[in-house]
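If you want our numbering, it's the position in the sequence shown, counting the first as 1, plus 6.
Worth flagging that the hints you see were computed from the coordinates, not collected in a lab.
All C-beta atoms in this analysis are idealised placements derived from N, C-alpha and C, irrespective of residue type, glycine included.
Mixed in with the good hints there might be a few duds.
Here are the simulated DSBU-like pairs of lysine-lysine, each with C-alpha atoms no more than 35 Å apart in a straight line [claimed, not checked]:
1. K139 to K101
2. K98 to K49
3. K115 to K37
4. K94 to K139
5. K139 to K49
Quick list of the computed label-pair ranges, beta carbon to beta carbon [to be verified]:
6. K98 to V54: 16 to 26 Å
7. S46 to P76: 23 to 33 Å
8. A57 to L105: 14 to 24 Å
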Amino acid sequence: MYNMLSHSHSGLAYLLFLFALVSLLLAVLLKFSPSPRWLSIAKVTRVVETALMGLIALSGLAALFMGNWPLVSLWPWLALVVVFIHGKVGVKRIKPLQLNFDDSDAQGKSQLVMFALVQCLLVVAVIALMHIKPF
Numbered sequence: 007m008y009n010m011l012s013h014s015h016s017g018l019a020y021l022l023f024l025f026a027l028v029s030l031l032l033a034v035l036l037k038f039s040p041s042p043r044w045l046s047i048a049k050v051t052r053v054v055e056t057a058l059m060g061l062i063a064l065s066g067l068a069a070l071f072m073g074n075w076p077l078v079s080l081w082p083w084l085a086l087v088v089v090f091i092h093g094k095v096g097v098k099r100i101k102p103l104q105l106n107f108d109d110s111d112a113q114g115k116s117q118l119v120m121f122a123l124v125q126c127l128l129v130v131a132v133i134a135l136m137h138i139k140p141f
């Protein structure tokens with residue numbers, strides 16, 4: 007049971023990384039050639055990313071408690087902090103930029119790309135943290 011949970015947790019993390027890359031690509035596309043179609047796909051991608059992050063957090067906590075990991079290990083709690091930051095960037099920064107998207111707002115489009123990049127880097131950081139397990 008633990009192996010299945012651990013592998014599904016890892017698989018969901020890699021799927022989230024794929025969606026984060028797609029989200030970054032869509033943000034770049036919206037910056038250089040904005041269209042309503044790209045914007046609607048970006049909104050759906052953000053929702054899927056949020057759902058995946060929730061599933062990853064739940065499966066990670068379940069794997070932590072089912073496995074032989076000591077609860078005093080720092081890396082799972084750091085990963086939860088990064089999950090929280092990832093969610094805040096999505097809800098407080100990316101969502102308003104997508105809802106109030108304006109073709110002529112160069113600063114808003116640049117911020118959308120920047121925050122999508124931040125989310126992508128956060129996902130990479132969490133995956134690296136889970137593989138390295140430094141502390």
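Status of each hint after checking the structure:
1. K139 to K101: holds (32 Å)
2. K98 to K49: holds (14 Å)
3. K115 to K37: holds (5 Å)
4. K94 to K139: Cα-Cα ~24 Å, so holds.
5. K139 to K49: holds (33 Å)
6. K98 to V54: 16 to 26 Å: Holds, since K98 and V54 (Cβ atoms, about 19 Å apart) stay within the stated range.
7. S46 to P76: 23 to 33 Å: Roughly 45 Å apart at Cβ, these two residues miss the hinted range, so it is violated.
8. A57 to L105: 14 to 24 Å: holds (18 Å)
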